[in-house]
Amino acid sequence: MATRKVLQVTDDFDGTVLSSYETVHFGIGDTTYEFDTTPQRAAAFHTDLLTYLEVSRPVHHSHATPPKTTRVPAAGSGPTSTEQKRAIRDWARTNGFRVSDRGCIPGDIVEAFEAAHNSAGH
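In full-length UniProt numbering, the protein residues as written are 1 to 122.
These aren't lab readings, by the way, just hints derived from the structure by calculation.
Where is the CB? At the ideal position from N, CA and C, for every residue including glycine.
Some hints could be false.
Label pairs and their calculated CB-CB ranges [unchecked claim]: (1) A112 to H60: 25 to 35 Å; (2) S56 to D14: 27 to 37 Å; (3) Q84 to Q40: 51 to 61 Å; (4) V59 to M1: 26 to 36 Å; (5) C104 to H25: 33 to 43 Å; (6) D12 to D90: 52 to 62 Å; (7) G29 to K5: 34 to 44 Å; (8) G103 to T23: 41 to 51 Å; (9) P58 to D14: 31 to 41 Å; (10) R98 to D14: 51 to 61 Å; (11) V59 to D12: 22 to 32 Å; (12) A116 to T47: 39 to 49 Å; (13) P58 to Y33: 10 to 20 Å.
Please put together the full structure from these sequences, using the hints given.
Below, the structure written as structure tokens:
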């Protein structure tokens, strides 16, 4: 007696048995996903991603977990006093930047503020 095993792959979208299929792999964040579907649906998925791929850059992961890092501003690189932070926020809003009322002031805003005030003094 012979034994015959048959593998049936079903479309993860609609449950139909597929005679031809593709397994699509993709990742978001730290999670990798996959689904089985028709070649046509796989092609449509890839076409939909093209908009994002055109503006993205590849990231090559090593097998080792990268060390966790914390950004520490260089000495003298950021506003120190409450008054200085308030002045930067006021200047930023007046000059069309969006800045929150609290928290860190983005570096590009601080740099623009410093550039505007350094060039005004020279």
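So, going through the hints one by one against the coordinates:
no.	hint	result
1	A112 to H60: 25 to 35 Å	holds (33 Å)
2	S56 to D14: 27 to 37 Å	holds (30 Å)
3	Q84 to Q40: 51 to 61 Å	holds (59 Å)
4	V59 to M1: 26 to 36 Å	violated (53 Å)
5	C104 to H25: 33 to 43 Å	holds (37 Å)
6	D12 to D90: 52 to 62 Å	holds (54 Å)
7	G29 to K5: 34 to 44 Å	holds (37 Å)
8	G103 to T23: 41 to 51 Å	holds (43 Å)
9	P58 to D14: 31 to 41 Å	holds (32 Å)
10	R98 to D14: 51 to 61 Å	violated (44 Å)
11	V59 to D12: 22 to 32 Å	holds (26 Å)
12	A116 to T47: 39 to 49 Å	holds (45 Å)
13	P58 to Y33: 10 to 20 Å	holds (18 Å)
Going down the numbered hints, you'll see the structure goes against 4 and 10, while the others check out.
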